[in-house]
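J.: Take the sequences, apply the hints, and build the full model.
Chains A and B supply the protein sequences, listed in that same order. Residue numbering for the first sequence follows the numbering used here, beginning at 340 and increasing consecutively. Residue numbering for the second sequence follows the numbering used here, beginning at 49 and increasing consecutively.
Check each hint, because a few of them may be wrong.
[To be verified] List time: in silico DSS-like cross-link candidates among lysine-lysine, alpha-carbon distance up to 30 Å: (1) B/145 / A/396; (2) B/102 / B/117; (3) B/145 / B/117; (4) A/352 / A/396; (5) A/396 / B/100; (6) B/102 / B/51; (7) B/117 / A/396; (8) B/51 / B/100; (9) B/51 / B/117; (10) B/102 / B/157; (11) B/145 / B/51; (12) B/51 / A/396.
Just so you know, these hints were derived from the structure itself, not from any lab. All values derive from a computational prediction rather than experimental measurement.
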Amino acid sequence: KAGVTQTPRYLIKTRGQQVTLSCSPISGHRSVSWYQQTPGQGLQFLFEYFSETQRNKGNFPGRFSGRQFSNSRSEMNVSTLELGDSALYLCASHRGLAGGPPYQETQYFGPGTRLLVL
Amino acid sequence: LAKTTQPISMDSYEGQEVNITCSHNNIATNDYITWYQQFPSQGPRFIIQGYKTKVTNEVASLFIPADRKSSTLSLPRVSLSDTAVYYCLVGSGNTGKLIFGQGTTLQVKP
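T.: Shown next, in the form of structure tokens:
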């Protein structure tokens, strides 16, 4: 069974631009969560989507947004990029059978998209 | 929401048992504790999850005392391939929010 895939794997943008990252979950998984990982702040939860609806949200500004499609694929968008947005963006999927939050089931992470903002 | 604290790094030798402790003093009744392993250039990988007492699977054990203010991941007989960063995660049953610890870099030496 194919794992979680993320595209692109690497991205370079300049300040003020916007970026869209894509995540394809494991087949049959209905929930997708996004995380930001930086050396200074570590792993931080961005948001979670379940059945095309945002179910949980971390403490990030509104410049960070996302959506989920009917096939469970998800995209994350960051507008007006800042230097501090340089990070590894990880997505994780889980089955969502129980309809509960991400921690209740095993999450499967993708390899991440490394974003560099210049 | 609980704040999690872990040691920054630990060293061990092959064949030894390694215990990594995570402190989460403000953990709430409905919060779960999960541990992940991460290798360079890869996403984290689930190791084990628990709520209270002890949980064991084929790769690790998780010990959670009655007050649940800390948890200990136990890796039996580590090998060189266990060299990685280990993260403790507390998930809120009330808000759905997730808080990761800063990660513990485990270096296993021959």
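J.: Looking back at the hints listed earlier, which ones does the structure fail to meet?
T.: none
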